[in-house]
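With the hints as extra help, turn the sequences into a complete structure.
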Amino acid sequence: MLNPASIIACSYVKNYWKKTPNSYQKISIGLVVSGIAIAGIIIVAMRIDSPPLLVNILTAILVPLALYFLYNLYNLCKIIYKQHYVKEEKATNEALNIIALGSSTEAVKTVDCYELIDSLPKNIPEFVLESLKKFSLQNPHKAFDLIMCVKQTESIINGLAKDIKDKFYNFIVPTGNIDEKIKLTMSIQSIESLMKKASQSARDEFYEPLMRSVFIDHQRAYNSAIWICKVDKLFNEISHPIKDRFYKYVMNLTLTNHEKAYSLATWIRDNDALLNRVKQCTKSKSYEYILSLSLTDHEKAHDLATFIDEVNDLFNEIRPPIRDKFFDPIIQLAYTNRGDALIIATVVKEIDQIVSCITNKELIDHFDESFTFTEIQSIYERSKVIGFAKKCKKISEKTLGEIQNFINMHTEGTSPEGIIKQAEVVNHLEMVGNRKL
Numbered sequence: 001m002l003n004p005a006s007i008i009a010c011s012y013v014k015n016y017w018k019k020t021p022n023s024y025q026k027i028s029i030g031l032v033v034s035g036i037a038i039a040g041i042i043i044v045a046m047r048i049d050s051p052p053l054l055v056n057i058l059t060a061i062l063v064p065l066a067l068y069f070l071y072n073l074y075n076l077c078k079i080i081y082k083q084h085y086v087k088e089e090k091a092t093n094e095a096l097n098i099i100a101l102g103s104s105t106e107a108v109k110t111v112d113c114y115e116l117i118d119s120l121p122k123n124i125p126e127f128v129l130e131s132l133k134k135f136s137l138q139n140p141h142k143a144f145d146l147i148m149c150v151k152q153t154e155s156i157i158n159g160l161a162k163d164i165k166d167k168f169y170n171f172i173v174p175t176g177n178i179d180e181k182i183k184l185t186m187s188i189q190s191i192e193s194l195m196k197k198a199s200q201s202a203r204d205e206f207y208e209p210l211m212r213s214v215f216i217d218h219q220r221a222y223n224s225a226i227w228i229c230k231v232d233k234l235f236n237e238i239s240h241p242i243k244d245r246f247y248k249y250v251m252n253l254t255l256t257n258h259e260k261a262y263s264l265a266t267w268i269r270d271n272d273a274l275l276n277r278v279k280q281c282t283k284s285k286s287y288e289y290i291l292s293l294s295l296t297d298h299e300k301a302h303d304l305a306t307f308i309d310e311v312n313d314l315f316n317e318i319r320p321p322i323r324d325k326f327f328d329p330i331i332q333l334a335y336t337n338r339g340d341a342l343i344i345a346t347v348v349k350e351i352d353q354i355v356s357c358i359t360n361k362e363l364i365d366h367f368d369e370s371f372t373f374t375e376i377q378s379i380y381e382r383s384k385v386i387g388f389a390k391k392c393k394k395i396s397e398k399t400l401g402e403i404q405n406f407i408n409m410h411t412e413g414t415s416p417e418g419i420i421k422q423a424e425v426v427n428h429l430e431m432v433g434n435r436k437l
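Quick note: the sequence shown uses the working numbering, first residue 1, plus one each step.
Hints are computed from structural coordinates only; laboratory data are not their basis.
Keep in mind that the hints are not guaranteed to be accurate.
[What the hints assert, rightly or not] Subject to a maximum C-alpha distance of 16 Å in a straight line, what follows is the list of computed EDC-like cross-link-like pairs (lysine to aspartate or glutamate): (1) K133 with D145; (2) K165 with D118; (3) K361 with D328; (4) K134 with D166; (5) K391 with D328; (6) K390 with E350; (7) K167 with E180; (8) K390 with D365; (9) K134 with D118; (10) K133 with E106.
Structural data, given as structure tokens:
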């Protein structure tokens, strides 16, 4: 005797098949109706006494009707070619009823699977749909989860290259480990969600390769997507156009050594942030050199960037002519000896503070011309420059005549213009210009 649950399940199954009428019947009805309509139109149009306007209207109606007739004829031929279709539909109906007699829950879940399959996009290959229906009869609960994942993933897959779509549809056929297939679809969804937040450059470079690698190792592909987005976010914080030179190298490194790639991107970002505080530095080769050095010796690069930031703070109160004259030579010296470079920077500030008190423009210009980097490299020459600055400050309090006499007596200053010459610095800058990542 049937229990109430089985009776309800059988009724549920019956209602499903009522909602999905036999395709053969629908096509046959369409053929008959469109055929009769076409014949009627032709008969009326061929009558001699038919008005020309009516003939034109009937001709316009005849074209879509003829197309509809041919469409139904094509589908009928497909069904005749696949005669097993109706038999399988009937067999499935009988199988569902048998399941309902034994387990009402299984039958209802199977029908839910069929309804979900019917709602899938039409561009999914028929062999996938048929395999999902068969699997629904065997394991409806697992099949429902798989079909739901396919539905959620299909819109993502549909926008990818054909080879990726083919791999997906072949992989999703319910054979083997179903849990792995479900995890793969979830990885695809997660990667899509992550890459939406990435820059367009990252999407163009890595989106489809990641989707291809999903079928090899979906967990590794997902982890790679996470790190690509992290590194990409760091590069978005780098403001200088030079970042494009490092971007591809570091991002590709993410696929093989994501921790190193993230570390490099962090160093480049931090050094860039320090150097961007110094406008004068971003326009020089020092900027490019330090960021390049971040890839090979990030600690030294960070020390240099920090030093440049310190010198910049030290020079904030120095007059522009002196700043422009001494900033680059001091930075170049820092490549080999940051201690000496810091001492010289401090001395330059001390001297400029003395000279800044001079009010006579001609006298201060005279001092600036004679004040060069070569003079302050040695302790002895340094003391001479400081003494000369103090003399200029003292004479500035005298009359204009006395000031002019002082200028005439010191036409050559303390030493000729010069700049530091260090082979290592020159080599460093040449390496920056020739370095290829």
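These are the hints, each one checked on the structure:
no. : hint           : result
1   : K133 with D145 : holds (13 Å)
2   : K165 with D118 : violated (20 Å)
3   : K361 with D328 : violated (25 Å)
4   : K134 with D166 : violated (21 Å)
5   : K391 with D328 : violated (28 Å)
6   : K390 with E350 : holds (11 Å)
7   : K167 with E180 : holds (15 Å)
8   : K390 with D365 : holds (15 Å)
9   : K134 with D118 : holds (14 Å)
10  : K133 with E106 : holds (14 Å)
In terms of the numbered hints stated before, the structure departs from hints 2, 3, 4, 5, listed from lowest to highest.
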